[in-house]
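Enquirer: Listed here are the chains, written in short residue letters.
There are 2 protein chains.
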Amino acid sequence: MNFINKLSAAWTTNNSLLCVGLDPDLARFPAQLASEPDAIFLFCKEIIDATADLACSFKPQIAYFAALGAEGQLERICAYARQHYPHIPLILDAKRGDIGATARQYAREAFDRYGADAVTVNPYMGFDSVEPYMEWTDRGAIVLCRTSNPGGSDLQFLMADGKPLYQHVARMVADKWNRNGQCALVVGATFPEELAQVRAIVGEMPLLVPGVGAQGGDVEATVKSGRTAGGAGMMINSSRAILYATPQGSEDFAAAARRVALETRDAINLYR
Amino acid sequence: MNFINKLSAAWTTNNSLLCVGLDPDLARFPAQLASEPDAIFLFCKEIIDATADLACSFKPQIAYFAALGAEGQLERICAYARQHYPHIPLILDAKRGDIGATARQYAREAFDRYGADAVTVNPYMGFDSVEPYMEWTDRGAIVLCRTSNPGGSDLQFLMADGKPLYQHVARMVADKWNRNGQCALVVGATFPEELAQVRAIVGEMPLLVPGVGAQGGDVEATVKSGRTAGGAGMMINSSRAILYATPQGSEDFAAAARRVALETRDAINLYR
Numbered sequence: 001m002n003f004i005n006k007l008s009a010a011w012t013t014n015n016s017l018l019c020v021g022l023d024p025d026l027a028r029f030p031a032q033l034a035s036e037p038d039a040i041f042l043f044c045k046e047i048i049d050a051t052a053d054l055a056c057s058f059k060p061q062i063a064y065f066a067a068l069g070a071e072g073q074l075e076r077i078c079a080y081a082r083q084h085y086p087h088i089p090l091i092l093d094a095k096r097g098d099i100g101a102t103a104r105q106y107a108r109e110a111f112d113r114y115g116a117d118a119v120t121v122n123p124y125m126g127f128d129s130v131e132p133y134m135e136w137t138d139r140g141a142i143v144l145c146r147t148s149n150p151g152g153s154d155l156q157f158l159m160a161d162g163k164p165l166y167q168h169v170a171r172m173v174a175d176k177w178n179r180n181g182q183c184a185l186v187v188g189a190t191f192p193e194e195l196a197q198v199r200a201i202v203g204e205m206p207l208l209v210p211g212v213g214a215q216g217g218d219v220e221a222t223v224k225s226g227r228t229a230g231g232a233g234m235m236i237n238s239s240r241a242i243l244y245a246t247p248q249g250s251e252d253f254a255a256a257a258r259r260v261a262l263e264t265r266d267a268i269n270l271y272r
Numbered sequence: 001m002n003f004i005n006k007l008s009a010a011w012t013t014n015n016s017l018l019c020v021g022l023d024p025d026l027a028r029f030p031a032q033l034a035s036e037p038d039a040i041f042l043f044c045k046e047i048i049d050a051t052a053d054l055a056c057s058f059k060p061q062i063a064y065f066a067a068l069g070a071e072g073q074l075e076r077i078c079a080y081a082r083q084h085y086p087h088i089p090l091i092l093d094a095k096r097g098d099i100g101a102t103a104r105q106y107a108r109e110a111f112d113r114y115g116a117d118a119v120t121v122n123p124y125m126g127f128d129s130v131e132p133y134m135e136w137t138d139r140g141a142i143v144l145c146r147t148s149n150p151g152g153s154d155l156q157f158l159m160a161d162g163k164p165l166y167q168h169v170a171r172m173v174a175d176k177w178n179r180n181g182q183c184a185l186v187v188g189a190t191f192p193e194e195l196a197q198v199r200a201i202v203g204e205m206p207l208l209v210p211g212v213g214a215q216g217g218d219v220e221a222t223v224k225s226g227r228t229a230g231g232a233g234m235m236i237n238s239s240r241a242i243l244y245a246t247p248q249g250s251e252d253f254a255a256a257a258r259r260v261a262l263e264t265r266d267a268i269n270l271y272r
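Order-wise, the sequence lines are chains A and B. Take the first sequence: its position 269, counted from the start at 1, is 269 in the UniProt record's numbering, and no numbers get skipped. Take the second sequence: its position 218, counted from the start at 1, is 218 in the UniProt record's numbering, and no numbers get skipped.
It is possible that part of the hints are untrue.
As the list makes no split between identical chains, a pair holds if one copy fits it or if it spans any two.
To be verified - The calculated lysine to any residue pairs, modelled on SDA-like cross-linking and capped at a C-alpha distance of 25 Å, are:
hint, residue 1, residue 2
1, 176, 151
2, 163, 150
3, 45, 15
4, 45, 230
5, 176, 153
6, 45, 101
7, 224, 42
8, 224, 262
9, 176, 150
10, 176, 160
11, 176, 164
12, 45, 84
Hints in this document: simulated from the structure, not taken from any laboratory. This structure is a prediction, so every number in the text was calculated from the model and none was measured.
Bound conformation, chain A alone (with noise of 0.2 Å):
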């Protein structure tokens, strides 16, 4: 089963349009796994057992993981989701963007060596450095299309031909890019009428969404904006309000995690 008709699998049985983020945070992690070797593979494997039937993906940050040279405890994160969880697609959040040959490299890394069913890429570099994911016929590239963060409009909102570089991104990935449907975008929740405005351009296409939550993007706004016809089409992912929902030290933080996801995917399905 290729990536996108393994997530309308995911956000039918689970219900859901929820993707949780795994964003593992040493600073912030629970006071008993702060001594264990392997606190990350741990923390990271409550949380997912924890909201397994509540998610329609999974997305580790590779940056947290490259950070503390713990790319072996992200390997086992990945295989275990993948073996316990198999219908609910990974997403390896790395937003590589680099030329063909160096892109295949970053291809097997994301699909052969962490097992990821898409991995989040940049458009910068044009579709060359896209292209090479492809290969992977059953995976797919999620393009950076337009981000909510301060900087997001220095380049993305740039005018040409009347419209912002974002447009132009989500039209070609649209027209030319996803020749054999293997393509999202990400597309920030803080600005609901650009969400819009790409869901208008794209059809179908799935929308990867990150900012709701920690980040405080209006949940009502983002999925009226964003939705299908059919009410579905996006993973509006949360990462810090499920995986922190616990004051640090407390025990039960898998359960305040579930609890946040269950808020989260229940208040998101009232808009769909």
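Place chain B on chain A using the hints.
Expert: Positioned in the frame of chain A, the structure of chain B alone reads:
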């Protein structure tokens, strides 16, 4: 000594604008290394030793290590270069691009874990995706501007206010992002007239220029278009032409690498 000063000193000491790129591809390694468990480290170590008096910088491409789970060997290569050739800037080619908190993790990866003097970064997410790197005040961020791959024009040549996007990036980095003099730009060698336009925009800012050697850029046009008034200002990268200078299987790959590096350095110096 900070990155820019270190680079300036290396230009002078080695009379060289040549950046030696380290893209270790096991399939192209000499036969005698094939059975070594740390073949990647040994190969790169020999290349570094053979070219350290001819290069103004070394640039490992992290994708080649990440695909193989060989981050440990990359750590050893970086440590070796720092220890034995501390005056040669070490550039981690990672083209990272993510928002603030995540960018800080990538900065920790590049600067604390690998000890790089500079890291390549992607501008698509704007200034706050680059700013965290500046907290390491003696290190540098080398921002993608104009790339010479076939798809490079997909975004970079979109016209805004009558100018292509890559010129806006050059202007933004020169006027705003380079507050503390820590920035450089990536500009491909394939289009010398564009290299000249970027040079005119950014003054003395260093340019990392891939595309000479295996990628076929013209040395004379590249140097004349990209040099500063002082005849420097560039790191002209060559990777495969140096690394794989001999027919596969021959034993003298390091001597051949040295020969090609010397020829390339001298060819560049003809036009400074």
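Enquirer: Against each hint, give a clear statement of whether it holds in the structure.
Expert: Now the hints, each set against the structure:
1. For the identical chains of this complex, residue 176 and residue 151 are inter-copy neighbours only, at 12 Å across copies versus 27 Å inside a copy, given an alpha-carbon limit of 25 Å.
2. In this assembly of identical chains, residue 163 and residue 150 lie within 25 Å of each other by CA distance both inside one copy and across copies; the values are 20 Å within and 24 Å between.
3. In this assembly of identical chains, residue 45 and residue 15 lie within 25 Å of each other by CA distance solely inside one copy; the values are 22 Å within and 53 Å between copies.
4. Proximity of residue 45 to residue 230 under the C-alpha cut-off of 25 Å is found in neither arrangement, the shortest distances being 32 Å within a copy and 56 Å between copies.
5. In this assembly of identical chains, residue 176 and residue 153 lie within 25 Å of each other by CA distance both inside one copy and across copies; the values are 24 Å within and 14 Å between.
6. Only between protomers do residue 45 and residue 101 lie at most 25 Å apart by alpha-carbon distance; the minimum there is 23 Å, versus 34 Å within a single protomer.
7. Taking identical chains as interchangeable, the C-alpha atoms of residue 224 and residue 42 are never at most 25 Å apart, the minima being 36 Å within one chain and 56 Å between chains.
8. Taking the shortest alpha-carbon separations for residue 224 and residue 262, only the intra-copy value of 19 Å comes in at or below 25 Å, while the best inter-copy value is 62 Å.
9. In this assembly of identical chains, residue 176 and residue 150 lie within 25 Å of each other by CA distance solely across copies; the values are 15 Å between and 29 Å within a copy.
10. Proximity of residue 176 and residue 160 under a CA criterion of 25 Å is satisfied in both settings, with 18 Å inside one chain copy and 22 Å between copies.
11. When the C-alpha separation of residue 176 and residue 164 is checked against a cutoff of 25 Å, the pair qualifies both within a copy, at 18 Å, and between copies, at 21 Å.
12. In this homomeric assembly, residue 45 and residue 84 come within 25 Å of each other (Cα to Cα) only inside a single copy, at 10 Å, whereas the closest approach across copies is 41 Å.
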